[in-house]
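Student: Each chain, written out:
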Amino acid sequence: MSAAPGAKTFVIDGVDASATPGQTILSAAREHNIFIPTLCHLEGLGDVGACRLCLVEVKGARRLLPACTTRVDEGMEITTNSPRLADDRQMTMQLLFAERNHVCSVCVANNHCEMQSMATTLGMTHVEVPYRFPALTVDASHERFTLDHNRCILCTRCVRVCSEIEGAHTWDVMGRGIQSKVITDLDQPWGTSETCTSCGKCVQVCPTGALFQKNRTGERRGKDPSFLPYLRTMREEL
Amino acid sequence: MSEKKTLATVWLDGCSGCHMSLLDMDERLITLSSQFDLVYSPLVDQKIFPAHVDITLVEGAIGNTEDLEKIHMIRERTRILVAVGDCAITGNVSALRNACGAEAMLRRVYGESAQGPAQNAPGKMQDIFVQLPRLFERVQPLHDYVSIDAFVPGCPPTADTIHFALSELLAGRVPDLSGVAKFG
Chain A
1 MSAAPGAKTF
11 VIDGVDASAT
21 PGQTILSAAR
31 EHNIFIPTLC
41 HLEGLGDVGA
51 CRLCLVEVKG
61 ARRLLPACTT
71 RVDEGMEITT
81 NSPRLADDRQ
91 MTMQLLFAER
101 NHVCSVCVAN
111 NHCEMQSMAT
121 TLGMTHVEVP
131 YRFPALTVDA
141 SHERFTLDHN
151 RCILCTRCVR
161 VCSEIEGAHT
171 WDVMGRGIQS
181 KVITDLDQPW
191 GTSETCTSCG
201 KCVQVCPTGA
211 LFQKNRTGER
221 RGKDPSFLPY
231 LRTMREEL
Chain B
239 MSEKKTLATV
249 WLDGCSGCHM
259 SLLDMDERLI
269 TLSSQFDLVY
279 SPLVDQKIFP
289 AHVDITLVEG
299 AIGNTEDLEK
309 IHMIRERTRI
319 LVAVGDCAIT
329 GNVSALRNAC
339 GAEAMLRRVY
349 GESAQGPAQN
359 APGKMQDIFV
369 QLPRLFERVQ
379 PLHDYVSIDA
389 FVPGCPPTAD
399 TIHFALSELL
409 AGRVPDLSGV
419 AKFG
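Top line first, the protein sequences correspond to chains A and B. Position 192 of the first sequence, counting from 1, maps to 192 under my numbering, and the rest follow consecutively. To convert, count from 1 in the second sequence and add 238; that's my numbering.
Think of the hints as simulated: they come from the structure by calculation, not from any bench.
Derived list of chain B stretches under chain A, where covered just means 3 residues or more per stretch with a C-beta under 8 Å from a C-beta of chain A: (1) 317 to 329; (2) 334 to 343; (3) 378 to 387.
C-beta: ideal position from N, C-alpha, C; glycine also.
The shape of chain A in the complex, shown without the other chains (with noise of 0.2 Å):
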């Protein structure tokens, strides 16, 4: 068998494959047909390995590895599914619950929620670390959108589709550890934000009911990120 030139040859999960440089390990997985739990990553962005739930082996590496940022190297030996990344899993989507107030029944992305439908893929029935139950402000300012922060999880994708594909950059992340929370402009109400552009591409690929349209709710309520590699090639082709 010939690889392609430039080809990486590794192991995952026991199986011979090749990548292309610079290919991550999520992307030759999902290749090689491979599931890894994801948040933050979205097919058309960058990723930046802020959910933590794509962690796998590398033998020989001292700690897990996102497998949405690390390129896949000659020889590695990957390891996908153990019961230490599915603890470490579970463990990661519970603190996601803990942090902030999830509270899927009154949610407005009930049963339309990348969070809420991952919770049950990972297989987790309750939430061992005790809740923060922290008190966060909505806001509603804009006219068309609404931004929850009960229901954020700092994934970053509303603040990379707004960078990288709109090219506005009115969201990122203010402050640190706990105290992280998204902005527009300059930590202004949404309402007021000069370089909004009304869009909505954030509110599309936000997993969760952090960002929503306001005449959206109900059954109307699912999103559609489907647009981003579509613009993404089309981009790429001109």
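Given chain A's structure and the hints, the job is docking chain B onto it.
Tutor: Just chain B now, kept in the frame of chain A:
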């Protein structure tokens, strides 16, 4: 034929929706009922929780002093204790008041938006309702206070989910809903 199991259901800080979902099993409930004796429940006229119960399903979170006394007593007297629904498991809607606290919530509900003696009452609202169990500052899930043997999430869990869980329990197994049940 094996001996019938004793079953209890309890309603703490919740809306009774989980009990409604239990009844939504419809005729399947009649089929299952040959396998248990319902010894305590809001659905039957029994005032005292029995000394020994095989399976207890608990709906609702721990929101006040009475809930806490009950859950400790129930845990002592129950072999398999099951948290049913999101309130019991996460706090859910019952815990929406946690971010503002019990006093602020009482003042909003019975003070600002109500007519009557409590409206402009001085001092703490809780002191007005002396005959009622005291609210805790935070509503918390059951497993923050007692050990839980099985979790059945959902708001409410669907009748199908409860049917699966109860069937497993009656067959002597602990229901494993991981990968199936969802929150909300």
